[in-house]
Amino acid sequence: MSANLSAFFYLISGILFILALRGLSSPETSRQGNYFGIAGMVISIIVTFLSVGNFGPGFIYVLIFLILGGSVGAFIAFKIPMTAMPELVAGFHSLVGLAAVFVAISAFLNPEAFSLGFIGNIKLASLIEMSLGAAIGAITFSGSIIAFLKLRGIMSGAPITFKGQHFINLILGLAIIFLIFYLCRSQASNIFWLLVTISFIVGVLLIIPIGGADMPVVISMLNSYSGWAAAGIGFTLENTALIITGALVGSSGAILSYIMCKGMNRSFFNVILGGWGANEQSGSSESKEQKPVKNGNADDAAFLMKNASSVIIVPGYGMAVAQAQHALREMVDALKKNGVKVSYAIHPVAGRMPGHMNVLLAEANVPYDEVFELEEINNDFANCDVAYVIGANDVTNPIAKTDPQSPIYGMPILDVEKSKSVLFVKRSLSPGYAGIDNDLFYRDNTLMLFADAKKMTEEIVKSL
Amino acid sequence: MEIDPFIFRLSIFILSIFIGYYVVWSVTPSLHTPLMSVTNAISSVIIVGAIIAALAETNSNIFETSNIFGFLAIILAAVNIFGGFLVTQRMLQMYKKKKK
Chain G
1 MSANLSAFFY LISGILFILA LRGLSSPETS RQGNYFGIAG MVISIIVTFL
51 SVGNFGPGFI YVLIFLILGG SVGAFIAFKI PMTAMPELVA GFHSLVGLAA
101 VFVAISAFLN PEAFSLGFIG NIKLASLIEM SLGAAIGAIT FSGSIIAFLK
151 LRGIMSGAPI TFKGQHFINL ILGLAIIFLI FYLCRSQASN IFWLLVTISF
201 IVGVLLIIPI GGADMPVVIS MLNSYSGWAA AGIGFTLENT ALIITGALVG
251 SSGAILSYIM CKGMNRSFFN VILGGWGANE QSGSSESKEQ KPVKNGNADD
301 AAFLMKNASS VIIVPGYGMA VAQAQHALRE MVDALKKNGV KVSYAIHPVA
351 GRMPGHMNVL LAEANVPYDE VFELEEINND FANCDVAYVI GANDVTNPIA
401 KTDPQSPIYG MPILDVEKSK SVLFVKRSLS PGYAGIDNDL FYRDNTLMLF
451 ADAKKMTEEI VKSL
Chain E
1 MEIDPFIFRL SIFILSIFIG YYVVWSVTPS LHTPLMSVTN AISSVIIVGA
51 IIAALAETNS NIFETSNIFG FLAIILAAVN IFGGFLVTQR MLQMYKKKKK
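From first to last, the protein sequence lines stand for chains G and E.
My numbering puts the first residue of the first sequence at 1, with every later residue one more than the last.
My numbering puts the first residue of the second sequence at 1, with every later residue one more than the last.
In case anyone wonders, no lab produced these hints; they're calculated from the structure.
Check the hints yourself; a few may be wrong.
[Stated by the list, open to error] Derived BS3-like pairs (lysine-lysine); straight-line CA-CA distance at most 25 Å:
#1 337/G <-> 97/E
#2 306/G <-> 262/G
#3 79/G <-> 306/G
#4 294/G <-> 462/G
#5 341/G <-> 97/E
#6 97/E <-> 336/G
#7 96/E <-> 337/G
#8 96/E <-> 336/G
#9 79/G <-> 96/E
#10 96/E <-> 341/G
Throw the hints in and build the complete structure from the sequences for me.
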């Protein structure tokens, strides 16, 4: 297949990938969009086979490995529970990163195959592109592994900080730039390996200081990195499909990071530098423990909600941990039978990744037109009888509006306090991730339901 | 004077960033998780590079070091392609409208 013809097909693939993302603008068109994406991928792979034109024994091996990897992927995709989506995405990012590193290594070892020059004499531009691709890929890989371990709970979600951390990161970052520069002059392979190794270390150091609840930003950021790594390789291979895809994924991840940061009213650098609330707040919370709270049980909650005319549900990460989405849906069904109007309010950073709550509710068959974003629903709290907060905390804390000293000051919150009464399902009075006490717990119109989110919701269903 | 082909690729890259910017802003927030999984799947088009690397002819030996890295990259990318698209499909199937 001629180079021009295959370039044309790669362009078609790129366009199909754009349409795949475009489809996600509404749930109706999204499924079709996914098919466009699959078509783009199939075209890319077939065109590559035809343009390489090598159907010897190597081709058989390629097919075997393709099917091997594909079946592992398919198996994971069907088996994974929806609550594990964040760590799955983090894990997948790490694979893209590592694949980029491997392709870059291969191109470095055998530049002739990619027509990039010869060993020891690789074209300057190609060398820069492949070392950038390898470095970003390596950072994506090791960073995603750390994110995966934190999300999976294998590693503590608490930020890991040490003295001089930012300084070390800065030195290593400069070292990467210096090594790329030096590599271009010397073409030495040990410099290349050193570059890859340092990039792996940077990835780890970059993610360990970032705490559990900041994971939405981290995942989006790594998403973006995996895109830039792909684009770097795309430039090396002079492949349009890869360049377009890299740019799309890179900007997509960047936008998601921005949306997540805005949802917390924090700057990107503030999140990346990490360690939020870990040290500042730890000592001050003891004095507040004594304030009285109203403690309720499932019957009280059922009674309140049954007699309400409208209820707004505010889910958070606690709902995901307890896998309470199905029980929640049953509760809502029972309420609807009693003529109660129910809707769901989702904070942008609820959960551990962008859109986490929406997927869980969709899994429990909650129709998406009952689920609302913060701006859409926030005015409705004032007219609502009961707010049912299940596993959320910081995103409802009114201190974000009143106390400029608070670390979450200025963060947009759901105006839960405006509703006539608030039900808080929580395991204990402990403060949320930000380490701040929630004033809402002690208000007269708040009823605390101390229990596991799923158990409490099931009990409410029973007494309804 | 001839224009370096690199400039063309750079133009495609920059224009694609703009397309990405506008397309992604129009994605509804409730589909942000499928957005991440589908972007993950499409970025595995890096498999193109992996295939070229794996099939490169080196001294009639198909398992030179550079080929092996290609094969490894194929496995990783294939996990992502199948896993990414299928899990996206599975998620999108769940988004349903209220029954009227």
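Hints versus structure:
1. For the hint linking residue 337/G to residue 97/E, the alpha-carbon distance of about 19 Å falls within 25 Å, and the restraint holds.
2. Taking the CA atoms of residue 306/G and residue 262/G, the gap is near 36 Å; set against the 25 Å cutoff, the hint is violated.
3. For the hint pairing residue 79/G with residue 306/G, the CA-to-CA distance comes to about 37 Å; that exceeds 25 Å, so the pair is violated.
4. Under the criterion of a C-alpha separation no larger than 25 Å, the hint pairing residue 294/G with residue 462/G is consistent with the structure, at around 22 Å.
5. Only pairs whose Cα atoms come within 25 Å are accepted, and residue 341/G paired with residue 97/E is accepted, the gap being roughly 17 Å.
6. With a CA separation close to 16 Å, the supplied pair residue 97/E and residue 336/G stays within the 25 Å bound.
7. The straight-line distance between the Cα atoms of residue 96/E and residue 337/G is roughly 20 Å, inside the 25 Å bound, and the hint therefore holds.
8. Proximity of residue 96/E to residue 336/G is assessed by CA-CA distance (about 18 Å); at most 25 Å being required, the pair is judged to hold.
9. Between residue 79/G and residue 96/E, the direct Cα distance comes to roughly 21 Å. Compliance with the 25 Å bound is thereby established for this hinted pair.
10. Restraint check: the Cα-Cα separation between residue 96/E and residue 341/G comes to about 19 Å, which is no more than 25 Å; the hinted pair holds.
Comparing the model with each earlier hint shows violations of hints 2, 3; every other hint is respected.
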